[in-house]
Amino acid sequence: MASNIEAIIPTEQQAHRDDVGARMGMWLFLFTEILLFGGMFLIYAVYRFKYPDQFHLAGMELNTGIGTLNTIILLTSSLTMALSIAAIQKKNKALSVIMLSSTLLFAFLFMVNKFFEWSAKISHGIYPGSKELLEKQNGEILFFGLYYVMTGLHALHIIIGVVILTFMLVFLIRNKITSDNYVKLENSGLYWHLVDLIWIFLFPLFYLIQ
Amino acid sequence: MEHNNTEKHGSSYTTLILVWIGLLALTSITVTVAGISLGQYTLFVALLIAAIKSGFVINIFMHIKFEEPIFKVFIAVSGVTLIVIFFLTFADYLF
Chain A
1 MASNIEAIIP TEQQAHRDDV GARMGMWLFL FTEILLFGGM FLIYAVYRFK YPDQFHLAGM
61 ELNTGIGTLN TIILLTSSLT MALSIAAIQK KNKALSVIML SSTLLFAFLF MVNKFFEWSA
121 KISHGIYPGS KELLEKQNGE ILFFGLYYVM TGLHALHIII GVVILTFMLV FLIRNKITSD
181 NYVKLENSGL YWHLVDLIWI FLFPLFYLIQ
Chain B
1 MEHNNTEKHG SSYTTLILVW IGLLALTSIT VTVAGISLGQ YTLFVALLIA AIKSGFVINI
61 FMHIKFEEPI FKVFIAVSGV TLIVIFFLTF ADYLF
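So the protein sequences, as listed, match chains A and B. Reading the first sequence from the start, the letters are residues 1 to 210 in the working numbering. Reading the second sequence from the start, the letters are residues 1 to 95 in the working numbering.
Honestly, the hints are just simulated from the structure, not real lab data. Each residue gets a CB set at the ideal place from its N, CA and C atoms; glycine is no exception. One or more hints might be untrue.
[To be verified] Below, simulated DMTMM-like cross-link-like pairs (lysine to aspartate or glutamate); rule was C-alpha separation at most 25 Å, straight line:
#, chain 1, residue 1, chain 2, residue 2
1, A, K121, A, E135
2, A, K90, B, E67
3, B, K65, A, E61
[Stated by the list, open to error] Label pairs and their in silico Cβ distance ranges:
#, chain 1, residue 1, chain 2, residue 2, range
4, A, K184, B, Y93, 37 to 45 Å
5, A, L28, B, F44, 26 to 34 Å
6, B, T81, A, H124, 34 to 42 Å
7, B, F95, A, I160, 35 to 43 Å
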């Protein structure tokens with residue numbers, strides 16, 4: 001029996017590692033993230049139910065084009081992240097490095113877009129506590145408040161993700177992440193996909209209210 | 001069975017790219033559908049498409065399809081918890 005297990009997972013056993021346990025720990029952390037954003041989605045749901053017309057009116061002011069572009073960028077960054085892990089599994093370090101670097105590039109593009117989007121809103125006088133915003137109806141104030149808090153917290157997650165992925169890139173180049181020890185890269189990938197997952201819901205709820 | 005020695009828990013490049021194309025297609029569908037007035041079904045359709053996209057990301061990109069069953073139990077528990085919280089809040093709010 002024991003020899004059987006060794007035959008199945010040789011390197012993991014020898015190095016006293018528990019990759020499944022490491023991924024499980026990461027998932028437990030992701031659940032706390034889901035509850036964090038879940039609470040905000042709950043507030044959004046209740047107020048959208050209470051002020052459907054004002055949410056509609058406020059939602060029309062968001063730029064659907066930029067929102068769609070950022071969705072495409074983030075989905076593509078998720079692909080390159082998954083490809084980076086698949087490449088290291090297949091012992092292709094060079095491809096893994098290229099794909100992880102691309103993920104960082106797409107994350108940067110996302111933030112550039114976000115910067116222009118928020119700058120445009122702020123220059124139109126729409127930001128939390130601004131005079132123009134406070135003159136609007138309650139539902140519109142709530143919509144923009146939730147928009148700034150939820151996409152802001154999401155953007156903060158992107159920035160944290162960029163820091164983590166930069167470390168992973170260094171580990172990968174210095175052979176600290178290898179084809180038989182890549183759980184760090186996998187867990188960073190899980191985090192990155194969660195950030196993408198949250199955006200999948202933020203996008204229709206904020207940018208696609210017609 | 002899940003511990004296949006050669007391909008531990010990986011997808012081929014082709015699978016990953018096909019999933020990505022699927023996700024982009026669903027994105028264009030959700031943007032197009034938002035332009036059509038479906039009345040009260042608009043939100044339902046948008047959330048349905050978002051749920052399908054999540055299914056792809058969780059199963060393929062996040063490898064859950066290849067993970068041990070306990071991971072699926074975890075996700076189900078956290079998903080159900082979230083649904084219960086939404087249900088109880090609206091039950092309280094509506095009546």
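Status of the hints after comparison with the structure:
no.: 1; hint: K121(A) to E135(A); result: 16 Å, holds
no.: 2; hint: K90(A) to E67(B); result: 18 Å, holds
no.: 3; hint: K65(B) to E61(A); result: 39 Å, violated
no.: 4; hint: K184(A) to Y93(B): 37 to 45 Å; result: 43 Å, holds
no.: 5; hint: L28(A) to F44(B): 26 to 34 Å; result: 31 Å, holds
no.: 6; hint: T81(B) to H124(A): 34 to 42 Å; result: 39 Å, holds
no.: 7; hint: F95(B) to I160(A): 35 to 43 Å; result: 40 Å, holds
Of the numbered hints listed earlier, the single one contradicted by the structure is hint 3.
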